[in-house]
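Trainee: Fit chain R to the known structure of chain L by using the hints.
Single-letter residue listing:
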Amino acid sequence: MIAFGQFLEVLVSGLLAGVLYSLVALGFVLIFKASGVFNFAQGAMVLLAGLALVRSLDFMVAKGLPFWAAIIIALLFAALIMAITAWLVERFVLGPLINQDGLTLFMSTIGVTFMIEGGAQMLFGSDVYPLRLFPSDAWFLFESSFPGGILVSKIDVWGGMIAAVLVVGLALFFQKTKTGRALRAVADDHAAAQSVGISLNWIWFIVWLVAGLVALVAATVWGTKLGVQFSITFLALKALPVLIIGGFTSVPGAIVGGLIIGAGEKIAEAYLGPFIGGGIEYWFAYVLALVVLMARPQGLFGERIIERI
Amino acid sequence: MSSVAAAASTLPKKSLLSVNNIEVIYNSVILVLKGVSLDVPAGGIVALLGANGAGKSTTLKAISNLLRAERGDVTKGAILFEDKEVQNLSPNELVRRGCIQVMEGRHCFGHLTIEENLMTGAFTRTDGKAAVMRDLELVYGYFPKLKQRRDSQAGYTSGGEQQMCAVGRALMSRPKMILLDEPSMGLAPQIVEEIFEIVKHLNEKEQVSFLLAEQNTNMALRYARYGYILENGRVVMDGDAKSLSENEDVKEFYLGISDGRRKSFREGKHYRRRKRWLA
Chain L
1 MIAFGQFLEV LVSGLLAGVL YSLVALGFVL IFKASGVFNF AQGAMVLLAG
51 LALVRSLDFM VAKGLPFWAA IIIALLFAAL IMAITAWLVE RFVLGPLINQ
101 DGLTLFMSTI GVTFMIEGGA QMLFGSDVYP LRLFPSDAWF LFESSFPGGI
151 LVSKIDVWGG MIAAVLVVGL ALFFQKTKTG RALRAVADDH AAAQSVGISL
201 NWIWFIVWLV AGLVALVAAT VWGTKLGVQF SITFLALKAL PVLIIGGFTS
251 VPGAIVGGLI IGAGEKIAEA YLGPFIGGGI EYWFAYVLAL VVLMARPQGL
301 FGERIIERI
Chain R
1 MSSVAAAAST LPKKSLLSVN NIEVIYNSVI LVLKGVSLDV PAGGIVALLG
51 ANGAGKSTTL KAISNLLRAE RGDVTKGAIL FEDKEVQNLS PNELVRRGCI
101 QVMEGRHCFG HLTIEENLMT GAFTRTDGKA AVMRDLELVY GYFPKLKQRR
151 DSQAGYTSGG EQQMCAVGRA LMSRPKMILL DEPSMGLAPQ IVEEIFEIVK
201 HLNEKEQVSF LLAEQNTNMA LRYARYGYIL ENGRVVMDGD AKSLSENEDV
251 KEFYLGISDG RRKSFREGKH YRRRKRWLA
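Protein sequence lines correspond, in order, to chains L and R.
If you're matching positions, the first sequence starts at 1 in this note's numbering and goes up one per residue.
If you're matching positions, the second sequence starts at 1 in this note's numbering and goes up one per residue.
Okay, chain L solo, but in the shape it has when bound:
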């Protein structure tokens, strides 16, 4: 019974950690879907959103505002920062590069990454800032069936619920609204979208704004878990295997990919780790991604590449 209890605990914590990877991967998917741009800057955007949030929150709490009011204002402030970022990126990077090759756009987002990282730390500081939005203690479940029970951290559960709401919201936005349809149209064919009167500049602003808001949500959860700090940008690297497994164009794929990676690496660490000396967590995801790449290059949920012969 102890073994099964331990397995469940590892599985649950892995799945919940995976949801947090998904939150970062989601931002990638949104921008890739709508503009065909692989946005390397997504990790930096999480850092920017987190810093804007935690610094403005601390500032207002220090000024004596009640905590709930400070949270709301800080969230709005961070959202505003993300909107400004979206506007700047569209205006000065993507706008001038309209109709350029995908690789060119990708390179430009690497540049954007460094700009955002530098700018964020210049404006908001570069220390580790603790963020306390969600309870960070844990529950012990099923104490009657397993000795010691199963430890489930509350923050991970919060993260899972937030991700679920986000995915449903995004799915509705993409499938049901006029702007969502235009986003998908732009993703398929820039030139044709322009020809029917869809303004690419407007759509790209919207996409980067939505990705920025997703980054903000990811920042609230990750920031509470780890503290807001520079190493958050490395999350972007963990999102890569998630994307490869889930598919670059699929919102549900990002979620499922995250779950697979999260659970996979925790289980591998717990059960294979003792035999090969541990540290599996750091590379397991990439190996998994390689295997998927060989079997199914578009990812598990990626859009089939429609090619007329």
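Hints listed in this document are in silico derivations from the structure and should not be mistaken for laboratory results.
If you're wondering where the values come from, they're calculated on a predicted model, not measured in any experiment.
Treat the hints with caution; some may be incorrect.
If you anchor each label on the Cβ, the simulated ranges turn out as follows [what the hints assert, rightly or not]: (1) Val287(L) - Lys34(R): 37 to 43 Å; (2) Arg150(R) - Val165(L): 30 to 36 Å; (3) Lys145(R) - Leu103(L): 35 to 41 Å; (4) Gln190(R) - Phe114(L): 54 to 60 Å; (5) Asp83(R) - Lys178(L): 43 to 49 Å; (6) Ala295(L) - Asn232(R): 48 to 54 Å; (7) Gln148(R) - Ala295(L): 32 to 38 Å; (8) Arg68(R) - Ile110(L): 23 to 29 Å; (9) Asp83(R) - Phe230(L): 55 to 61 Å; (10) Val287(L) - Gly186(R): 42 to 48 Å; (11) Gly95(L) - Gly186(R): 47 to 53 Å; (12) Phe114(L) - Arg68(R): 49 to 55 Å.
Ideal Cβ placement from N, Cα and C applies to all residues, glycine included.
Mentor: Chain R only, in chain L's frame:
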């Protein structure tokens, strides 16, 4: 609507679109159009004819302002739509004013369903959902095949269906004028005929004017009322569709009909070089 159209048709030659001597340069070095002028009267169908690389597509893109995305620029001349200069407007502003392009090669959104494709055409409209849905039914009326396939992804439909989808999508913007680029490309003659019939109906019943770039000279001159012939970025000839299709040179070079005295390919080239058409 019909009274306006009647008034328009009684006024002789009120031009909806006029292009005055435009020059287009790609990448700031490649001169593609060297002075093209043309006129599309309200309610007209005008054909723009010429061989590959003559500048037909470039002319249409210059009008719809899609040129800038390909690093092309109108460096001289003026383009007037409803008597207002439009060469500095964004493509979406032009669509809003009623001038929309159907691009060469159809360019449907492959992963969207046919119906979603049609709905993207209504992106610039602000007259409410009910009006858009009415127009969707209208488009399905013209293209019953699209209605059957409304839930299929456009990428999986046939070439003819995609061309219909592209025209229907343009129609959803309630245009006054459609710039139709090479609608016959890669389609079976029967489908081409069907599409041209629909163009004719749209022109008669919805009062949509057309500027039609075509290599299929025979078909284009049967449906257009007026035609321009482009060669090397210049208009080398223009006239009524009837007079063009009876012109010996047009017959020779674009319709493949000769006066009986059969020429070899070399002779044709020679003849063509010697003779200069002046616009």
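Trainee: Which hints, by number, does the structure contradict?
Mentor: Hints 1, 5, 11 and 12 contradicted; others consistent.
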